[in-house]
Amino acid sequence: MYILEVRELTKHFGGIRAVEDVSFKVKDGGIVSIIGPNGAGKTTLFNCLTGITKPTKGSIYFMENDISKFPAHKVSELGIARTFQNIRLFSEMTVMENVMVSQHTRMRYGFLSSVLQGSNFRKKEQIIKEKAFEYLELVGLEDYADTMANNLPYGSQRRLEIARALATEAKIILLDEPTAGMNPIETSEVMSLIKKIQELGKTLILIEHDMRLVMGVSDWIIVLDHGVKIAEGLPEKVKNDPLVIEAYMGRETTH
Amino acid sequence: MLLQQLINGLTLGGVYAIIAIGYTMVYGILELINFAHGEIYMLGAYLAIIFLGLFTAMGLTATSLPLALILTAILTIIFCSAYGFTMEKVAYKPLRNAPRLSPLISAIGVSIFLQNYVMLTQGATDKVFPQRFGEAGFQFMNVNVTYLQAMIILVSGLLMFFLHLFIHKTRMGKAMRATAQDKTMAALVGINVDSIISVTFIIGAGLAAVAGIMVASYYGLVNYFIGYIAGIKAFTAAVLGGIGNIPGAMLGGIILGLVESTGAAYISSEYKDAYAFIILIVILLIKPSGILGKTTEEKV
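Residue numbers (the working numbering), protein chains in the order written: chain R, 1436 to 1690; chain G, -8 to 291.
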């Protein structure tokens, strides 16, 4: 039922309390949005979930494993992938290669067979290519397979990052501000892409500022402010929560 | 005369190029100038002499010279790769998150350690390569090419070709390129960055071993400090081509070899070793990013 459970997660950087005692659960196949003002600890939380940062305290249960101390590549292998707010593609590789890199870790074959390029190797390479191409089709980049990643327009780079995350065959996809810098048309494209990814049986966790997107796709919302979870619940409930309104708008003052 | 120097230069350049690849690959992934890389090449030269001496004593060299040479090469490569692997684990890995100067100083420490270790165990005098290949060779467009020279040019060419295939066509090669571009992101798509770094050191050391064998057989003499000058020259080659760029290291090595041999013939052989440093200074003044290197952006 729950695919991810975060328990009392805390991350301090020196004296800064980036994340403080945050707990929540994520339903398998759901779309959860994490919202909150800048500096609320959203990205730090993502870094902890993906093994880039080790939490100061607390645990992260992903399919019965506490992954809070796992290195990033182990977390990826188990099935959590992410994108970044500031896009991080392998810019000197082609679009296809970017996606193939993720596929490679799923497909095990020995060092020797890859050097000798035997028939078994070629078969596997072919499967990887086909798989990678499917993910490119899903995000609509199939015509750019041989383009260098850094020559793609901005919006397409974001979609490539999503394709690369999907190609790790992850069960949970974390999207860090997938619509940052996008116009309304591109944003609604991302929205339908998110729905498509959910239909593949994936669980999604988003960090997002675009409220139309958040309210449109999420089935659960978690609100962070100054590293602390101040609210969580269904979109309708969170939207009207006075604490949330205060965090975003500031306290109401009487004249 | 010129053609003769080109052949000599190509021989030398091939050796520089395959040492330079080790520098550039490590730099590409760790942004570390591995100053101890030249010592791996020196170890390769010594190990080749030890193993070939062993096979000569066993009588294998007399019965089948090619087999003895091949076995020597394989054993030397394995031992040097083990040295390279261990070097990274002991001297660089613990400093992965330290300021950039720390692993650099550690590299210099490893270099001094290995030189003295070889001096103590093997003695400070020159060692002689147990097999002489002589001047036997063939005529190529009125130029004498010894079989050994042809062999060195061929082997370094083939190694570069296969390395290129490896980097661009294999799963491991893709993972290496991804790691060189962004270590964190590589880990996030499931690449074990630590093992990629180990593989990088193993390949670099293996190539340096081959260079060591070739130079030991070419010059016939080795000493415990040959790694230092070869290391500096290969480093120059890597910078000339654009550090971090593998085709750049190959190109830089060959250019350096050609400049040295033509310079020695037309200007003065006294300054043979100075040409490398003149090139290094000029390239740093004119185009610090190297011939094929890109101007690096400041990372945020």
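Incorrect hints may have been included.
For the chain R half of the interface with chain G, some residues (derived, Cβ under 10 Å), not all of them [stated by the list, open to error]: (1) Lys1504; (2) Val1510; (3) Arg1517; (4) Ser1526; (5) Met1528; (6) Val1536; (7) Gln1561; (8) Lys1564; (9) Glu1565; (10) Glu1569; (11) Leu1573; (12) Gly1575; (13) Pro1588.
Bear in mind the hints are in silico, worked out from the structure with no lab data behind them.
Cβ coordinates follow ideal geometry from the N, Cα and C atoms, glycine included.
Exercise for the section: Using 10 Å as the Cβ threshold, decide whether Lys1504 of chain R counts as touching chain G. Expected result: violated, 15 Å
Practice task
Go through the hint on Met1528 of chain R and say holds or violated, using the shortest Cβ distance to chain G against 10 Å.
Solution key: The hint holds - Met1528 of chain R has a Cβ within 10 Å of chain G, the shortest such distance being about 6 Å.
Problem - Hint check: 10 Å Cβ-Cβ cutoff, Ser1526 of chain R to chain G - result: holds, 7 Å
Exercise for the section: Go through the hint on Leu1573 of chain R and say holds or violated, using the shortest Cβ distance to chain G against 10 Å. Expected result: violated, 17 Å
Handout entry: Restraint check, 10 Å cut-off on beta carbons, for Lys1564 of chain R near chain G
Key = Hint on Lys1564 of chain R: violated, closest Cβ of chain G at ~12 Å, above 10 Å.
Handout entry: Hint validity - Val1536 of chain R Cβ closer than 10 Å to any chain G Cβ
Key = Cβ of Val1536 of chain R sits 5 Å from chain G, so the hint holds.
Practice task
Could you check if Glu1565 of chain R really has its C-beta closer than 10 Å to a C-beta on chain G?
Solution key: violated, 16 Å
Handout entry: Closest C-beta approach of Glu1569 of chain R to chain G relative to 10 Å, hint status
Key = With a minimum Cβ separation of about 17 Å from chain G (threshold 10 Å), the hint on Glu1569 of chain R is violated.
Exercise for the section: Classify the hint on Arg1517 of chain R as holds or violated, based on whether any CB of chain G lies nearer than 10 Å to its CB. Expected result: holds, 6 Å
Problem - Residue hint Pro1588 of chain R, partner chain G, criterion CB-CB below 10 Å - result: Check failed: Cβ of Pro1588 of chain R comes no nearer than 19 Å to chain G, outside 10 Å.
Handout entry: Minimum beta-carbon distance criterion (10 Å), Gln1561 of chain R to chain G
Key = Because about 13 Å separates Gln1561 of chain R from the closest Cβ in chain G, which is outside the 10 Å limit, the hint is violated.
Handout entry: Cut-off 10 Å, beta-carbon criterion: hint that Gly1575 of chain R touches chain G
Key = At about 21 Å, which exceeds the 10 Å cut-off, the nearest Cβ of chain G leaves the hint on Gly1575 of chain R violated.
Going through the hint list in order, the structure does not satisfy hints 1, 7, 8, 9, 10, 11, 12, 13.
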